[in-house]
Structure formats: structure tokens, C-alpha cells
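Required output: the full structure, derived from the provided sequences and hints.
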Amino acid sequence: MLATQKRTLSYDPVQLIGTVQLVDGALFTVNCDGVDWVCQQALSCLIEPQVGDQVIISGPDHDRVYLIAVVSRSSNAPVALKIRGDLAISSTTGSVSLHSATSTRIASDTTLTLSSAHYEQTNDTAKLTIGQMSYAGETLEATVGTTTFFSSIVSLMADRINSIARLCFRHIKEVDHVRAQTIDYEADKLTRVHGGYTTLTAQDVMKINGDQIHMS
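1 is the number of the first residue of the sequence shown in the numbering used here; add one for each residue after it.
Hints in this document: simulated from the structure, not taken from any laboratory. No incorrect hints appear here.
SDA-like, lysine to any residue: derived pairs with alpha carbons at most 25 Å apart:
id, residue 1, residue 2
1, K189, D211
2, K127, V144
3, K82, Q50
4, K189, H171
5, K207, V178
6, K82, S44
7, K82, S95
8, K173, V193
9, K173, H194
10, K82, Q15
11, K127, S108
12, K173, S163
13, K82, I17
14, K127, S151
15, K82, V51
16, K82, R64
Next up, the structure:
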């Protein structure tokens, strides 16, 4: 018959609660019952400790003690989840939701990438401030009530442009240039061309046709 023997530990495990007195980079000085402990933050403790926080320190012996949890905070300072190195948050079988009662801010010092099979965005109001933007896509469909566009220079290149409108007004303050191989204007009722000086020229043939032609 085998007897189970209990191994006696040659050291005393440490698990204490104390107050953070000093933060020096990756080292934290925690006072527990009048004794200061200098330890590192455990990898599983994601909340960044601050001076004055009540924390738990734990370890197998006095030389291997880590700050493993933040118990409470007396001030109203924001809670920061901070790690050193890369961080990945994923759900293998479900969804991930992010919600805040006031505002939500996502920032990156270098690159922010959003990737999905389908993307939806719903806002009451939106404001975009972009220094330089490049858009590449197969189809773009936009439905808006009113569009106001301000730009110093507009360059448009397309193979074909179709425009349909009930009323169209263009106001050009200085010069309007149109260069095309063929220009075709047709009106069901009235066509009017007026200017202080008007010149109609043709290189080969000019034809004027109508049931009545009035010249004055």
C-alpha cells in the first residue's frame, strides 16, 4: 500500500494587501503593514496601478513577489488597461462588443486598420478631418438630401459620366472651357446663347436651319 507523503515547503509563500507608495517605471513600491515591498506587475494584472491604490502582492517567497491585482482606488482617476508588448483580443465562437456611456476613442501612433467582410456605420452626425485620402472600390452608391462641397481644385477622370437632374444651375465667375470631339446640345423648347460679345465660327461648314430665322 502506497502512502502519500506531503512535501514540506522550504520557504514561506507571500500574499499581502498593501498600498502603492511609489511607481518607478516597471517597479512598484507597496507598503504592507509598515514594510515596503518592491515588485513588478504580474502579466495577468492588466490594470495599471497608481500611487494610493490598494493592491495584492503575492509570490512563492520573499525574492519572487509580484503585484497581482488592484483591489480598490480612492480617487476618481480613470482606470487604464496597459500592457507591454502586443495585445490581441479575440472571440473564437462569439462576438466582441465595445460600449461606453459617454465617448469612445480609438487611437494609434502609426496605423489603424479596420477589416471585415461587411462594414456598417450609423451616426446622427459625423465629422472627418483627413490630410490625404485615397479611395479604391468597385461600386459607390450615395443617397443624400443636400450636398455642399468646397474645394480649391477638383480633378475628375472617368470613362463615362451620366448625370440626371430636374434643375441644374452652374455659376462660373471667370472662364468656362469645354474641349470635346463632338458637342451635342438639344432642348425641347428653348435654347439661348447670350453674351456681350458672341462669336460663332466653323472651320469647314456652318449650318443654320429652322422654320423661321430672325436676325436683327
